[in-house]
Amino acid sequence: MILYTARRLVGAAGILLVICALTFAVFYLMPADPAQGACGKACSPERIAQIRATLGLDQPLPTQFAAYLGGIVAGRTYGSLECGFPCLGFSFQTNQPVWDALTSRLPTSVSIAAGAALLWLLVGCTAGVVAALRRGTVWDRAAMIAALGGVSLPIYLTALLSQYVLVVQLGWLPYPREVALTDDPVGWFQSMLMPWCTLAMLYAGVYARITRSEVLENLGRDYVRTARAKGLPEVTVLRRHALRPALMPVVTIFGMDLGALLGGALITESVYGLPGVGKLAADAINSADQPVILGVTLFAAAFVVLANVAVDLVYALLDPRVRTV
Amino acid sequence: MSLLSVRGLTVDFPSGVRAVDGLDLDVEAGRVLGVVGESGSGKSVTSLAVLGLLRNARVSGEIRFAGQDLLSLGPKAMRALRGDRMAMVFQDPLSCLNPYYPVAFQIAEAYRAHRRASRKAAHALAVSMLERVGIPEARRRARSYPHEFSGGMRQRVMIAMALCLEPDLLVADEPTTALDVTVQAQVLDLLRDLRERSGTAIMLITHDMGVVAGLADDVVVMHGGKRVEAGPVREVFHSPVTAYTRGLLDCVPRVDGPLPHRLPTVEVP
Amino acid sequence: MSLLETTDLVKRYPVRHRLTRRRIGEVSAVDGVDLAVDRGETLGLVGESGCGKSTVGRLLTRLDTPTSGTVRFDGRDIGPLREDELRPVRRDLQIVFQDPFSSLNPRHTVRQLLSAPFRYQGLEPTEPVEDLLKRVGLKPEHASRYPHEFSGGQAQRIGIARALALRPRLVLCDEPVSALDVSVQAQILNLLRDLQDELGLSYVFIAHDLGAVRQVSTRVAVMYLGVVVESADRDALFGRAAHPYTHALLSAVPVPNPDVERGRERIVLRGDPPSPLNPPSGCRFRTRCPKAADVCAVERPVLREIAPGHRVACHFPEERTP
Ligand SMILES: Nc1ncnc2c1ncn2[C@@H]1O[C@H](COP(=O)(O)OP(=O)(O)OP(=O)(O)O)[C@@H](O)[C@H]1O
Ligand SMILES: Nc1ncnc2c1ncn2[C@@H]1O[C@H](COP(=O)(O)OP(=O)(O)OP(=O)(O)O)[C@@H](O)[C@H]1O
Ligand code: SF4
Ligand SMILES: [Mg+2]
Ligand SMILES: [Mg+2]
Numbered sequence: 001m002i003l004y005t006a007r008r009l010v011g012a013a014g015i016l017l018v019i020c021a022l023t024f025a026v027f028y029l030m031p032a033d034p035a036q037g038a039c040g041k042a043c044s045p046e047r048i049a050q051i052r053a054t055l056g057l058d059q060p061l062p063t064q065f066a067a068y069l070g071g072i073v074a075g076r077t078y079g080s081l082e083c084g085f086p087c088l089g090f091s092f093q094t095n096q097p098v099w100d101a102l103t104s105r106l107p108t109s110v111s112i113a114a115g116a117a118l119l120w121l122l123v124g125c126t127a128g129v130v131a132a133l134r135r136g137t138v139w140d141r142a143a144m145i146a147a148l149g150g151v152s153l154p155i156y157l158t159a160l161l162s163q164y165v166l167v168v169q170l171g172w173l174p175y176p177r178e179v180a181l182t183d184d185p186v187g188w189f190q191s192m193l194m195p196w197c198t199l200a201m202l203y204a205g206v207y208a209r210i211t212r213s214e215v216l217e218n219l220g221r222d223y224v225r226t227a228r229a230k231g232l233p234e235v236t237v238l239r240r241h242a243l244r245p246a247l248m249p250v251v252t253i254f255g256m257d258l259g260a261l262l263g264g265a266l267i268t269e270s271v272y273g274l275p276g277v278g279k280l281a282a283d284a285i286n287s288a289d290q291p292v293i294l295g296v297t298l299f300a301a302a303f304v305v306l307a308n309v310a311v312d313l314v315y316a317l318l319d320p321r322v323r324t325v
Numbered sequence: 326m327s328l329l330s331v332r333g334l335t336v337d338f339p340s341g342v343r344a345v346d347g348l349d350l351d352v353e354a355g356r357v358l359g360v361v362g363e364s365g366s367g368k369s370v371t372s373l374a375v376l377g378l379l380r381n382a383r384v385s386g387e388i389r390f391a392g393q394d395l396l397s398l399g400p401k402a403m404r405a406l407r408g409d410r411m412a413m414v415f416q417d418p419l420s421c422l423n424p425y426y427p428v429a430f431q432i433a434e435a436y437r438a439h440r441r442a443s444r445k446a447a448h449a450l451a452v453s454m455l456e457r458v459g460i461p462e463a464r465r466r467a468r469s470y471p472h473e474f475s476g477g478m479r480q481r482v483m484i485a486m487a488l489c490l491e492p493d494l495l496v497a498d499e500p501t502t503a504l505d506v507t508v509q510a511q512v513l514d515l516l517r518d519l520r521e522r523s524g525t526a527i528m529l530i531t532h533d534m535g536v537v538a539g540l541a542d543d544v545v546v547m548h549g550g551k552r553v554e555a556g557p558v559r560e561v562f563h564s565p566v567t568a569y570t571r572g573l574l575d576c577v578p579r580v581d582g583p584l585p586h587r588l589p590t591v592e593v594p
Numbered sequence: 595m596s597l598l599e600t601t602d603l604v605k606r607y608p609v610r611h612r613l614t615r616r617r618i619g620e621v622s623a624v625d626g627v628d629l630a631v632d633r634g635e636t637l638g639l640v641g642e643s644g645c646g647k648s649t650v651g652r653l654l655t656r657l658d659t660p661t662s663g664t665v666r667f668d669g670r671d672i673g674p675l676r677e678d679e680l681r682p683v684r685r686d687l688q689i690v691f692q693d694p695f696s697s698l699n700p701r702h703t704v705r706q707l708l709s710a711p712f713r714y715q716g717l718e719p720t721e722p723v724e725d726l727l728k729r730v731g732l733k734p735e736h737a738s739r740y741p742h743e744f745s746g747g748q749a750q751r752i753g754i755a756r757a758l759a760l761r762p763r764l765v766l767c768d769e770p771v772s773a774l775d776v777s778v779q780a781q782i783l784n785l786l787r788d789l790q791d792e793l794g795l796s797y798v799f800i801a802h803d804l805g806a807v808r809q810v811s812t813r814v815a816v817m818y819l820g821v822v823v824e825s826a827d828r829d830a831l832f833g834r835a836a837h838p839y840t841h842a843l844l845s846a847v848p849v850p851n852p853d854v855e856r857g858r859e860r861i862v863l864r865g866d867p868p869s870p871l872n873p874p875s876g877c878r879f880r881t882r883c884p885k886a887a888d889v890c891a892v893e894r895p896v897l898r899e900i901a902p903g904h905r906v907a908c909h910f911p912e913e914r915t916p
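Protein chains in written order, with my numbering: chain A, 1 to 325; chain B, 326 to 594; chain C, 595 to 916.
Only chain A is shown next, with the shape it has when bound in the complex:
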């Protein structure tokens, strides 16, 4: 298991390196000159040459890449400018270190993503279980229709609609704004509620369907019959022998969705105008702020890859058959 974890981490590092190289190549081979971007509009050729030298742009590409990687693991200096570990460079627009920009925006994105994930797991799995156990009843049909609805509505539509109804018309909720959890928990919760629901709606339906079919399949398993033959109370039969095994595939799919979750969070925050990583990325793209774009891309890739490793490990922990070779 330890060996396996180590192998997976090494593999993940390899994948990240490849992604890093690809994005680096794409951004630095673009026709737009980074030095030009860094310098701004009216800029003398001497100034550009100077910037090229500080950023190391006059070096061959592999050397630049090596320096970039070196910065990530150990920090680096641009001329006299110190860029501490982990260094992803400086924003051309704000001159802020990219890493700082990222970490300052992260809490918002993570709040949206984590809350939504929790919400959709809770709602989706519960609905799926209820639908499976009350198979063929009104409950089942209602849950499945709601699920279908949730899946088919695009985020921006539900976001704008809910904003219009709940904030503008009914005034139940404030406009979502950036509130730190530590400053004002209630305000944070009120602000986040709508983004959470919007994002969760998209996924809860999918999870309800998966959970329902998994539970149904498990109810027909021989070991469920054995559990009944033992005379276990029906509640125990369901909880222990039908539900737990049914949740295994949900874990797997959740792992795959973690990547998409980040994307979903980015869309959601831009719809609600919340200053998260998504907004950072959008702004950076608009202003061709290459170091920031590169940083966000790498960060997202790292998130997806590591989340997948984590889910595989969780899976191995949960399923004894995977654990022992």
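Derived from the structure by calculation, the hints contain no laboratory data. Built from N, CA and C at the ideal position, the CB exists for glycine as well. Relax, there's no trap hidden among the hints.
Label pairs and their in silico Cβ distance ranges:
#, chain 1, residue 1, chain 2, residue 2, range
1, B, G549, A, P233, 34 to 40 Å
2, C, H742, B, G549, 17 to 23 Å
3, C, H611, A, S287, 47 to 53 Å
4, B, R464, C, R616, 28 to 34 Å
5, B, S523, C, K885, 31 to 37 Å
6, B, S453, C, R858, 30 to 36 Å
7, A, T236, B, G549, 34 to 40 Å
Dock chains B and C with the ligands against the given chain A, drawing on the hints supplied.
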């Protein structure tokens, strides 16, 4: 009076299949009843009906167990009997054990469903049951998962689970069909031994006439959900009344005795 | 010269870690098997699950290539043949599988199924499909039906008809009756026997059911964990077996006679067959053998002839009547 007495048992599935059709059978206390028949003759459905494990099927007739009419018992009373006074062993021990829990847990769980016992006491009991059914190093193996056992060992676990509350009746549905012959011999030996020591009555379902001959006291031959023939095992095997039973006995290729050039075939009743 | 002969067949499969897919060992599925099948003869191959019977079958028919050793068919080594060179050999070497349904394409009619072998060989059918069906005890009008319209026994008859279409000289039957009810099993065994009488076929009959093997075989080889432990003529094997494993197998088969069953001495083996991933040293049966001695752990017993045509791989063979 018989421990289990089934009269006119009829089972209809919603698909319109009548799987069991007016079946009569009796299991006497402490004795072994062999139920034989070909595939689809309704053996498994009968056993599930006795334990009240058939879902969405119409069961009619009478099933009396120790004087109680099981078909009129409520689900709660049935649940109290199941696993405690009557237990079941199924054909495929791998799919019948839950892969997510250690074997001792699954045995202890059966015990705790009917008796008040701490987790520790139930675990200790599970270990002693595993020892009793011949699992080597039972203490250590108790925490293993089903996939870490061989087929024969898994069936021993199933038997330990069924016998942990010393039921009056053990229903065993093809308990050795999925096993190799040498392992089958071990499991049959175990059943023979347990039955001698504990006096548990066994309803042994199988399609193998040889298994019945080795273990059963009485036998019921089924075909198409009906009873074709019944009686003490010696009588039925030595002088079967129906041509169907005769055919079933004769068409089995044997490792002993004279060798026919062609095997006799069965006349379907 | 035998029709089919193998020398020192070995097959090992790599074993990979479930998650990392790294090679972590080898399954020694077949380890030095010598067999011979004469014309018109049936060689029965018995043994418990996982002992390598099907692997031997796949090697004999070149569905799989041996790690080492040779397979000679009609005197010719078929090991090094290319796929196109194998085609004529395949005509003479046909296979009947255990599960008749999974080996018949559900979307083809019986007529299509039975003429497929000719198309594959690029030949004109030599015998009308109707005659072929009659030969295996089915009706000519069955030709236009699909596999799912048949019972297990009937489907197995179709499987046999398909194997016979090209008039092979040898048919490999891998557990052809294991999935069938006893009454149907008897019919199929009789059919195989009749076809042999009629067409002079040779069979390799793989089964774990000793009774069925006795019924159809002229010679029998008993396998345990990838090796042949005993081979003999049918009557010698069932009447005077000499290997402790054969003794145990024979004594473990339940006989449908209560008096015999209750009266007989039973050899109940300890434990389970060991894993072929890590077979025991010396004699592979020693971990369960009631007669095992020190030498058995050190020295691997080779197949030795103890009587004409009766070969046993054991340091202490002892002929016994069951
Ligand atoms: N859940 C079900 N729904 C509909 N029909 C069923 C169901 N279970 C069993 N049957 C039918 O009932 C009949 C009897 O089945 P049963 O499983 O009792 O046979 P069996 O004697 O145990 O056979 P086998 O030896 O193959 O186990 C069969 O025709 C089967 O198709
Ligand atoms: N393709 C394969 N890859 C890895 N291992 C294999 C493969 N085929 C067979 N084996 C292993 O080789 C051994 C022999 O298998 P084989 O199928 O020949 O046994 P068998 O005697 O036919 O058993 P059964 O009675 O269950 O059909 C087994 O341990 C099996 O797990
Ligand atoms: S060689 Fe030894 S261990 Fe092997 S079968 Fe003979 S007596 Fe038993
Ligand atoms: Mg059955
Ligand atoms: Mg096989």
